[in-house]
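Number of protein chains: 2
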Amino acid sequence: MQPVIREMTGPDLALGFLESLTALAEVNLSFEAAAEVFRARLRAGVRTYVACVGDHVVGTASLVLEQKFIHKGGKVGHIEDVAVHPDCRHLRVGSALVEHATQQARKLGCYKVILSCFERLVPFYEGLGYRRHDLGMRIDLG
Amino acid sequence: MQPVIREMTGPDLALGFLESLTALAEVNLSFEAAAEVFRARLRAGVRTYVACVGDHVVGTASLVLEQKFIHKGGKVGHIEDVAVHPDCRHLRVGSALVEHATQQARKLGCYKVILSCFERLVPFYEGLGYRRHDLGMRIDLG
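Quick note, the sequences are listed as chains F and V, same order. Residue 1 is where the first sequence starts when you use my numbering, and the numbers rise one by one after that. Residue 1001 is where the second sequence starts when you use my numbering, and the numbers rise one by one after that.
Please keep in mind that the hints were generated in silico from the structure rather than gathered at the bench. Beta carbons: idealized from backbone N, C-alpha and C, even for Gly. Just so you know, not all the hints are guaranteed correct.
Covered stretches of chain F (chain V as the covering partner; in silico rule of three or more C-beta atoms under 8 Å from a C-beta of chain V) [what the hints assert, rightly or not]:
id, region
1, 22 to 33
2, 38 to 45
3, 71 to 80
4, 94 to 108
5, 131 to 142
Here are the computed lysine-lysine pairs in the DSBU-like style, where the Cα-Cα straight-line distance is at most 35 Å [said to hold, decoys possible]:
id, chain 1, residue 1, chain 2, residue 2
6, V, K1072, F, K75
7, V, K1107, F, K75
8, F, K112, V, K1072
9, V, K1107, F, K72
10, V, K1107, F, K112
11, F, K112, V, K1075
12, F, K107, V, K1072
13, F, K112, V, K1112
14, V, K1075, V, K1112
Start from the sequences, fold in the hints, and give me the full structure.
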């Protein structure tokens, strides 16, 4: 059964969304706190997509839009937090999510989409049309 | 003369801000269009910092905040569009801008700051406490 990809809604929080994200990193939020995060993200214009099988969420990806001054005030899409429930990896859920987020970025007028990933995932993203561009740097704040 | 780093305001658009960004990529916006971009970025919560010598802008860096579900709903800062006017590279404007944006991210509650850069700039960012973490991928949309 192929997953359906759509924008996340509040009820998804209790229907597998947080468990899917746990595949990526610890979440450790009550449903109430997660609902507050969801509202803050909506206010900031972050798009959160979910992959559903029936009414259960089996994966997610997010799209953060950033309007630049450069490139004639163009918009860049940042794909973040692509996560798939370990039981559902065979359904190509991750690629469906990234393709959907990329298509949405195009519809929303982005001139490019960028993302950061570990070396082992480069072939996955190359298969979806992405190419190596630069390096991701980070600093942890105390 | 050391530059002063502060949040950008509207008048900076005509005081060297757009010229500084041109060091990074073409801008090609009228002042009116740039002012509209600036307002849209403020609405989205993007912080734009400028480095000033006297009342002239000689560099800029931006900070995009993203609230996550993972890491207990923590916030990530994305540093974007660090640009310094070619005449001012000797003033260490770039490092002052990145340090300021990083400190602001800390004050705003971010648990990490990330950015993408080309290989040649890795030593610059390492000198500011950043470390290599992953790879930056991109796709260009038509």
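Identify every previously stated hint that the structure contradicts and give their numbers, smallest first. none
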